[in-house]
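Number of protein chains: 2
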Amino acid sequence: MNNLEWSKAEKQVARRAYDLAYEKECRAIRAKVEQMLEADDNIRQIWRIHDYLSKERRETDRKYDYRYSVLIFVFAKLINEGWITEADLSGLGADKTQRIKALVGFEHEDEVNS
Amino acid sequence: MNNLEWSKAEKQVARRAYDLAYEKECRAIRAKVEQMLEADDNIRQIWRIHDYLSKERRETDRKYDYRYSVLIFVFAKLINEGWITEADLSGLGADKTQRIKALVGFEHEDEVNS
Chain P
0 MNNLEWSKAE
10 KQVARRAYDL
20 AYEKECRAIR
30 AKVEQMLEAD
40 DNIRQIWRIH
50 DYLSKERRET
60 DRKYDYRYSV
70 LIFVFAKLIN
80 EGWITEADLS
90 GLGADKTQRI
100 KALVGFEHED
110 EVNS
Chain L
0 MNNLEWSKAE
10 KQVARRAYDL
20 AYEKECRAIR
30 AKVEQMLEAD
40 DNIRQIWRIH
50 DYLSKERRET
60 DRKYDYRYSV
70 LIFVFAKLIN
80 EGWITEADLS
90 GLGADKTQRI
100 KALVGFEHED
110 EVNS
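Residue numbers (numbering that gives the first Met the number 0), protein chains in the order written: chain P, 0 to 113; chain L, 0 to 113.
If you're looking for bench data, these hints aren't it; they were derived computationally from the structure.
On a predicted model such as this, the values are computed, not experimentally measured, just so you know.
A couple of the hints might just be wrong.
A pair counts as met if it fits within one copy or between any two copies, since identical chains are not told apart.
SDA-like mimics (lysine to any residue), calculated; alpha carbons at most 25 Å apart, straight line [said to hold, decoys possible]:
1) LYS10 - ASP39
2) LYS76 - ARG43
3) LYS23 - ARG47
4) LYS31 - ARG61
5) LYS23 - ASN41
Can you build the whole structure from these sequences, using the hints too?
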């Protein structure tokens, strides 16, 4: 997707959607940690929380990649996982939204078949 | 300290003191995590908590070593750090308590001079 040109306005839309997804995901991780603390008073629970945060950190570090060359794939994944909707990307050109939609369908089909 | 013999009763005292220290330290770590969650609503706070837990896990994994050959050093460190007191080791023979006391004083002096 290196051939796509991003206008200044599109970059703003992309940044906002990306930041929104990251914030929502971090808040969900935080809520899960709070829930784990409430759910179990066992002293080893802090190490289960550490394992959980290590996993989430690896996954979010891999997922959130703001290079324009991969952003189409990133947005498709974020939509599939429910962190953003297509409406959050309103303002992107059809060259981008069509590619994202195609990937969303493809990834979704892949998940259904797996 | 490989030359020390541990009686069955001493092993019970040692195990209880060791478990007590570990539980107190884990509870302190948990309290710190809860305090960090309360103190800062920033979305990146979960990664600061992850960093903190990673550090504590490394340190506790290194510190809590229940081999009888190193237990004297472990108890001296746990006393110096305040997780147990000499009273928690009541029941150990003088061959062990004297070595622990000597190490407690030595480590403490070392900290004062450093």
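Comparing the hints with the structure gives:
1. Taking CA atoms no more than 25 Å apart as the test, LYS10 paired with ASP39 passes in neither setting, with 44 Å inside one copy and 30 Å between copies.
2. For a Cα distance limit of 25 Å, the shortest separation of LYS76 from ARG43 across copies, 22 Å, qualifies, whereas the shortest one inside one copy, 33 Å, does not.
3. In this assembly of identical chains, LYS23 and ARG47 lie within 25 Å of each other by CA distance both inside one copy and across copies; the values are 22 Å within and 17 Å between.
4. Proximity of LYS31 and ARG61 under a CA criterion of 25 Å is satisfied intra-copy only: 20 Å inside one chain copy versus 28 Å between copies.
5. With identical chains, the CA atoms of LYS23 and ASN41 are at most 25 Å apart between copies only, with a shortest distance of 12 Å across copies and 28 Å within one.
The structure fails to meet hint 1 from the earlier list, while all remaining hints are met.
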